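The lines below spell out each chain.
There are 2 protein chains.
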Amino acid sequence: MKNISEIDANFKIETSLNVKGIRFFDIQSAPFKVYGVFKEGGVYRRMPEKAAAGVSGGVLALHANNAGGRVRFKTDSPYVAVKAVYAGVGKMAHFAISGSAGLDLYFTDNDGKEVYKSTFIPPFDVKEGFEGIADFGCKKMRQITVNMPTYSTLKELYIGLDENSVTAPADDYKIKKPIVYYGSSITQGGCVSRPGNTYQARISRRLNADYINLGFSGNARGEDSMADYIKDLEMSAFVYDYDHNAPSAEHLLNTHERFFKRIREKNPALPVVMMSAPVFLPDDNWSIRREIIKGTYNNAVSAGDKNVYFIDGRELMAAAGNDGTVDNCHPNDLGFYSMAEKLGGVLEKVFAE
Amino acid sequence: MKNISEIDANFKIETSLNVKGIRFFDIQSAPFKVYGVFKEGGVYRRMPEKAAAGVSGGVLALHANNAGGRVRFKTDSPYVAVKAVYAGVGKMAHFAISGSAGLDLYFTDNDGKEVYKSTFIPPFDVKEGFEGIADFGCKKMRQITVNMPTYSTLKELYIGLDENSVTAPADDYKIKKPIVYYGSSITQGGCVSRPGNTYQARISRRLNADYINLGFSGNARGEDSMADYIKDLEMSAFVYDYDHNAPSAEHLLNTHERFFKRIREKNPALPVVMMSAPVFLPDDNWSIRREIIKGTYNNAVSAGDKNVYFIDGRELMAAAGNDGTVDNCHPNDLGFYSMAEKLGGVLEKVFAE
Chain Y
1 MKNISEIDAN FKIETSLNVK GIRFFDIQSA PFKVYGVFKE GGVYRRMPEK AAAGVSGGVL
61 ALHANNAGGR VRFKTDSPYV AVKAVYAGVG KMAHFAISGS AGLDLYFTDN DGKEVYKSTF
121 IPPFDVKEGF EGIADFGCKK MRQITVNMPT YSTLKELYIG LDENSVTAPA DDYKIKKPIV
181 YYGSSITQGG CVSRPGNTYQ ARISRRLNAD YINLGFSGNA RGEDSMADYI KDLEMSAFVY
241 DYDHNAPSAE HLLNTHERFF KRIREKNPAL PVVMMSAPVF LPDDNWSIRR EIIKGTYNNA
301 VSAGDKNVYF IDGRELMAAA GNDGTVDNCH PNDLGFYSMA EKLGGVLEKV FAE
Chain P
1 MKNISEIDAN FKIETSLNVK GIRFFDIQSA PFKVYGVFKE GGVYRRMPEK AAAGVSGGVL
61 ALHANNAGGR VRFKTDSPYV AVKAVYAGVG KMAHFAISGS AGLDLYFTDN DGKEVYKSTF
121 IPPFDVKEGF EGIADFGCKK MRQITVNMPT YSTLKELYIG LDENSVTAPA DDYKIKKPIV
181 YYGSSITQGG CVSRPGNTYQ ARISRRLNAD YINLGFSGNA RGEDSMADYI KDLEMSAFVY
241 DYDHNAPSAE HLLNTHERFF KRIREKNPAL PVVMMSAPVF LPDDNWSIRR EIIKGTYNNA
301 VSAGDKNVYF IDGRELMAAA GNDGTVDNCH PNDLGFYSMA EKLGGVLEKV FAE
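Going down the list, the protein sequences come from chains Y and P. First residue of the first sequence: 1, per the working numbering; consecutive thereafter. First residue of the second sequence: 1, per the working numbering; consecutive thereafter.
Bear in mind the hints are in silico, worked out from the structure with no lab data behind them. Here the structure is a predicted model, which means the values were calculated and not measured. Accuracy of the hints is not assured; some may be wrong.
To be verified - Reference listing, derived: stretches of chain Y covered by chain P, where coverage requires no fewer than 3 residues with Cβ under 8 Å from a Cβ of chain P:
no. : region
1   : 55–65
2   : 107–117
3   : 158–164
4   : 290–303
Claimed, not checked - Subject to a maximum C-alpha distance of 25 Å in a straight line, what follows is the list of computed BS3-like cross-link-like pairs (lysine-lysine):
no. : chain 1 : residue 1 : chain 2 : residue 2
5   : Y       : Lys91     : Y       : Lys127
6   : P       : Lys33     : P       : Lys74
7   : Y       : Lys306    : Y       : Lys177
8   : Y       : Lys155    : Y       : Lys33
9   : Y       : Lys127    : P       : Lys140
10  : P       : Lys306    : P       : Lys177
11  : Y       : Lys91     : P       : Lys91
12  : P       : Lys74     : P       : Lys127
13  : P       : Lys127    : Y       : Lys91
14  : Y       : Lys91     : Y       : Lys176
15  : P       : Lys50     : P       : Lys155
16  : P       : Lys91     : Y       : Lys127
Every residue, glycine too, gets a C-beta built ideally from N, C-alpha and C.
Working from the sequences, and respecting the hints, build out all of it.
In structure tokens, the structure reads:
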């Protein structure tokens, strides 16, 4: 545990927060631990720029959105402030800015459970960055997780703490190797009201598991190059659903099993979860696609694979019913809750085995 | 049932929708029925301007937001388009524009259940208005409900249908007299992803009940003048929660029971539901306020009132847990689902009696 004054804070961070004795620290410095993203070329990214460029222009454009990015630490500061500096801000009409560009904060309570505390909401006209503060009202050692924006890119993130507080590294996740998620805009988190309500963030809290979000809005096509990138990651499980982004059932048929086999070849015992699109009332087109995805699963099972799981998209939305989306496609927080309930249950069993 | 060509459509509506044979109709014309709002002085309002002005400047500023406004009709048109013309558009960082300014469409399926079909989402930079279309893909008689924006004001709303379709009036609600809701920003619908996910809209679908939304963001203070306006409305039930907007516990104590008594005096047998703020993990301050609200209920019961109901705000959020808000105050769609489950259950019993 370090007294905060011992941390290197030579740089002077400008702040408009009128809080006496606040000191800001770059999350790149100890004891802060960054998960789900890493800094390369001055911005936070989910995969290296070069690897993203090798997949598609769309993945290149989106790989530095910070979905699934987190910073974790412990402190007894009575408040936690953030200063976010953007390289790009996502703003969409079907998506609250709090969800596309905001951050939120969880703390670990006495039972070790992560509890939502506050959302850091950028102003509506935000461009370069903003600051926000979550006030606990009293000094007490707490483990903190700050979730980064789902559809925006940070170049800097600073954490502001009281100068008289102490800090320490966060505990490791119980499931240290990340669960890797690959998929569409839904995977990326469209359209949560705040980043802590994605299904991946919910499952991370439930299972105490690290994760990497490789959702690429409109651009998850099941490319070989993406499979080749993913297969070399350290993973505790792999979950994929790019049903919504496959341009046709034929495309899905040509890529879905192929994608799985590339991952499986390199990771013979990795738990792999395949999901069809989270649609509560699917039409015939969705049903055809679902059977293609289930086909990959059935073939693996027939070949003796004991580590594959299939989830029907209807079951993903079962707890939400037909009101779990904002636009008949992207889940709202109810839809994400429903997805997390179903997928979280499957993953909980996977890790209990 | 009328052939659409018989409806008076002399006015020429400009449209940017490239749909051959589309004809637009003002929702003020037959057979369209408007609920929850009415047109006065060229805009849709939830209460008369004069009555709103008599309450407060805040209520005056908000009374023409169209929360709870709906238009209903039947048609066999294979599509339903809308053309919305705004007098004012609400845009906030913690609220998707689809929720604050968008409209959504439900249709009644073969079982008589209202099913979500589409959201009409304005462009991000919308100012004066926009158009949208929901395509059913085939001609079939359907009952349609279009929900109006929660935090925006319409001056015109047109429905676009195929010129070869027929229209008819919607069925009356089973519970014809509206349920009247009074309260804060949460009551007004902050922050749903789309208007059909407010708790009132959900309860309306569940019970087949009309309703009026008198939620006034930040401005529900339990004024005598508001009670006097409400007490003269035709109502099947009255639900109120202005806990979040009462400036202090003392203010709540001075107004909450007084508000109830003004309503009760005029409506001796009206079912009245009192709720404390929907907060899952309330601190001491919330608990004090809750006891004040419960006090109104307890006193009524002691005095022999058989038509009062109390709901603890913790129960309103029970199904959502602590992740049912966007900002530790305003419910997201998960929070609204949770509120609708609890309050809908109470109202279902009320109407079964």
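Check: Looking back at the numbered hints, which does the structure fail to meet, lowest number first?
Finding: 1, 3, 4, 9, 12 and 14
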